[in-house]
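Please construct the entire structure, taking both the sequences and the accompanying hints into account.
First residue of the first sequence: 48, per the numbering used here; consecutive thereafter.
Quick caveat, the hints were computed from the structure, so don't treat them as lab data.
Every residue, glycine too, gets a C-beta built ideally from N, C-alpha and C.
Straight-line C-alpha distance at most 16 angstroms; calculated EDC-like pairs for lysine to aspartate or glutamate:
#1 K591 to D523
#2 K414 to D429
#3 K440 to E483
#4 K237 to D271
#5 K591 to D519
#6 K169 to D392
Ranges of calculated distance between the beta carbons of each label pair, as one might list FRET restraints:
#7 A78 to G426: 19 to 27 angstroms
#8 G168 to N579: 49 to 57 angstroms
#9 A66 to A148: 22 to 30 angstroms
#10 R331 to P444: 44 to 52 angstroms
#11 A552 to R623: 31 to 39 angstroms
#12 G106 to L341: 52 to 60 angstroms
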Amino acid sequence: MSEENLFAVLRGILLDELATLCPGLAPEILARVEVTPTKDPAHGDMASNAAMVAAKPAGRNPRELAASLVERLGAQPGIAKAEAAGPGFVNLTLSPALLLAQLPVILGAGEAYGQGKARDGKVNVEYVSANPTGPLHVGHCRGAVVGDALANLLAKAGYEVTKEYYINDAGAQVIALARSVYVRYLEALKLSPEAYIETIPGGVQYGGAYLIPLGEELARSHGDRYAETSEAEWLDLFREFAVAQMMALIREDLAALGVRHDVFSSEHALVEAGGVARGLQSLRDQGLIYHGVLEPPKGKIPDDWEPREQELFRATRFGDDVDRPIAKSDGSYTYFANDIAYHADKVARGFDTLIDVWGADHGGYVKRMQAAVKALSGGKLDVLLCQIVKVMKNGAPVRMSKRAGTFVELRDLIDEVGPDAVRFLMLMRKSDAQMEFDLAAALTQTRENPVFYVQYAHARCRSVLRAAPPVDVSADLHSLAAPEEQALIRRLITWPRLVEQAADAREPHRIAFYLYELAGDFHALWNAGRDNAALRFLQEDKPKETVARVALVAATAIVLRSGLAVLGVTPVEEMR
RNA sequence: GGACCCGUAGCUCAGCUGGAUAGAGCGUUGCCCUCCGAAGGCAAAGGUCGCGCGUUCGAAUCGCGCCGGGUCCGCCA
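Next comes the structure, spelled out in structure tokens:
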């Protein structure tokens with residue numbers, strides 16, 4: 048694959064010149080040299096900080112070094128103009144030919160444009176991982192979308208990515224689920240569940256109607272065989288059945304959102320296979336597990352606090368604030384112990400980069416898990432915390448009350464605004480910032496709705512292309528000189544760089560913002576054609592200009608599709 | 001009491017890992033369109049980047065201390 052990232056190309060050229068001017072610069076210094084798009088067209092197409100970064104170590108004045116670089120760069124074939132500016136920036140204006148030559152590159156690559164070269168390392172992105180105790184609710188939505196888009200983004204950037212869902216099917220909650228299903232089973236048999244409910248510690252935990260069909264199904268297949276028996280007789284059966292049914296339900300919800308995981312890992316299976324002891328062994332071998340008593344939390348002390356000896360993981364050695372318990376007082380493992388084992392399992396499966404997408408309520412859990420992964424493999428765990436989403440309607444918060452029946456389930460949200468809007472709008476915010484999701488705004492068909500705006504841009508491209516002569520990759524493009532056309536081309540060529548940067552930063556929201564800006568550039572060109580008929584794409588009497596513009600429109604459609612694919616949003620052919 | 005996240009225009013939010021005059025949408029104001037490429041278009045006003053020190057050629061961005069909002073804090077997962 049030829050280098051699609053023009054910024055990387057120019058950076059290479061610049062580094063060569065810099066090496067000639069200042070031999071022997073340390074790699075750390077060179078690594079800090081950037082070539083970035085300019086904000087102000089007066090600064091040319093690209094700008095570099097090279098002179099400012101290298102000046103000090105090279106013992107030179109930044110402005111003077113910039114001037115030397117400019118002198119050499121100005122002679123390069125693809126560079127029309129090089130200028131030193133400000134405190135020592137090197138501003139580059141590319142030759143029109145080099146800029147235009149990127150359009151055939153885009154057309155040739157198609158949607159693969161921006162695809163990074165294969166990178167070393169297998170990445171595992173774990174997201175959603177909701178307890179299998181009921182349908183997904185809106186609280187799960189953001190993590191689902193962010194995780195899915197991040198995984199797509201990393202794949203686009205060249206990583207080998209696995210999308211994974213961790214099924215928490217081993218703890219007290221799925222036992223509570225089984226008991227709740229048993230109540231529905233008794234009801235299905237027309238038996239009174241009251242006496243049984245009395246015996247459930249904490250009562251019926253999951254009272255939702257979605258468990259009724261499960262009770263009916265069990266009554267159908269097993270009759271009253273378990274009606275009078277002890278819990279030990281039916282608990283495993285009911286639990287397994289319920290978990291399987293709930294996972295089917297969850298998968299349907301995910302499918303409605305366009306989310307598809309490659310791997311579903313069961314905590315229960317891991318525990319059954321003795322994975323926990325195995326996972327902890329490496330920590331034991333390193334002497335990182337010991338029996339000890341934790342200090343009480345400073346300040347507010349829980350009412351029932353008393354010093355207690357526990358089996359602890361030495362998390363403090365890896366940056367955590369306190370050591371963390373891996374066993375409860377009854378000797379059974381904590382959730383943390385299971386999670387250590389699960390992450391050890393991911394490491395054992397050959398993943399060298401682990402990424403977890405969690406809700407903000409798990410923020411306090413990040414350090415200990417990162418500490419565990421560091422201890423297990425020396426590798427790094429990245430955690431994306433997704434902050435709360437407030438659902439709004441016309442400026443007022445939508446009450447999420449189960450009793451009122453409003454917007455509890457993810458399905459409600461998807462049914463109201465559609466999967467494309469849900470996905471795109473969830474990605475219009477940094478994941479670690481709280482956000483408001485406005486249902487009314489999600490449905491408007493104006494610029495204020497980014498989904499609409501971007502899809503509309505694509506639809507407009509397609510509508511032009513349907514009426515246009517076939518795209519010609521070798522078209523003469525010199526007529527593409529209007530400011531709006533140039534701005535669009537400049538935006539298009541930043542796509543490969545953006546993919547790389549967004550992936551490195553683990554920030555899929557940057558893709559959404561880029562698409563919004565790209566759509567803005569395209570709409571601006573479209574609008575310019577309204578005032579000035581000479582700028583319209585299809586010119587009956589000017590075949591040469593028409594062919595050039597068709598190439599530009601086709602390239603725009605390609606990049607829009609390429610970006611929408613990362614977000615998992617449909618590139619519609621026309622607006623309806 | 002402590003940990004983590006956030007604080008940028010009236011509102012909702014970006015700001016490319018420290019760069020040049022801090023941006024977008026909505027809202028506001030003004031003009032244009034109503035013979036169609038208008039589910040509009042152009043333009044303007046609007047900011048002590050929560051506050052204060054510090055690091056440096058240079059800080060919205062990094063460090064420390066406050067203030068405000070959120071999440072969480074040993075046998076829940």
